[in-house]
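Participant: Chain by chain, the residues run as shown.
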Amino acid sequence: MFYQYLSESYLYTLNDSTLNAIARGESMKAIELCLLYALAAGFLLLSAAAAQPVSDSTRVCASLPSRIEISVPTQHENLQLQNCTPASRISVTGSVEVKSNLNWNLDVAGSTPDGRMRSTENHELHNSMTVSAPGPSGGTVEVPGIQSSPSVVALLSDIAPGDYSGSNAIGLTFGQLFEWDDYADDNYQLTVTLAASPAT
Amino acid sequence: MKREAERLGLNRIISHLTLLLLVVSQSGSITVRSVSDSTHLHAVYPSKLELVLPHEGDLQMSDASSGNDAKTSILILVRSNIDWLLQAKGNYGGKMQKVTDSGVLLKDQMRVQYTGESASNEVILTNNYKNYRRGPPGEYQIPTDFKQRFAWDDQPTNYTVRVSFKVSPD
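Going down the list, the sequences are from chains E and R. Numbered per the working numbering, the first sequence spans residues 140 to 339. Numbered per the working numbering, the second sequence spans residues 2 to 171.
Hints listed in this document are in silico derivations from the structure and should not be mistaken for laboratory results.
Restricting the straight-line Cα-Cα distance to at most 20 Å, the calculated cross-link-like pairs of lysine to any residue (SDA-like) are:
(1) R/K96 to E/R198
(2) R/K72 to R/Q110
(3) R/K72 to E/C200
(4) R/K131 to E/S194
(5) R/K167 to E/R198
Whenever a hint applies, use it, and build me the whole structure from the sequences.
Facilitator: Structure below.
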């Protein structure tokens, strides 16, 4: 419509001989003008449009070192075998907490020469103490002594991280057989050392 | 002669009348009236958003340890002349991945937390953008912590994750 209006208003003032040539020129001008208007309108529309989201990213790196921890809960640091009588096996329950991000072993060692309970009066029981651990990897071992060979035995072997997840504390059962030929004594003792180490 | 004299006299009269008309005509245009005109100014101020992350290199969590949280911090810059929304997401479901084995991921997802005034809750990263911060137009520095929990059953090795941020009109 705009083009038509322009053409007509100019053509009224011209004579017939130059009408066609000039009309072609004016038409070109009108088209150019329309294109300019269209471009300007497009530019304005683009400028006024909503901003587009912009994004960026960053990389975060971390090195997680291998680590292993072991601890005996305070309430299980001193255990008492109760109701000890001849010809009976007495047991007491303890626990140990192992945390590791590698496969690990749990070893046991005793504090006396033969791994047997000994009194302050140097009475020694005739049987070794045993330690049991639950679970499919668990078993029962006799506590070795410092003069035993080997002086350390494996209670648990090649345990994967998370095998005891949910309960870091692993229940342990310490058992001791008392026989008639063991001297009666009020103060039998044994320190059992539990050591966790990476499985090789 | 008499006619000639009359004609000359008539011409003189006509000449005087013409001069008088001219003078009257000129005097009509002596008064200048004030004129005015105006123009409109237009401007288009387009909406714009900018997001700047520091790019000195990869961010390193130096205190990674099993059973603990580790963190590292950055300062994110947002510039906007409209209400804005900042969102965050992470690759691999927001979990750090073992550098040398694409199949190994940490058990826990990374979290991001705004640590400026009135610190916000942590946002757990996933594959999809989740809302992190929003605000009115302006220029904002957004101190941000990346936090990662390392579980005991996470394999000790090197991990990495790409965290992406997006700011868009709110």
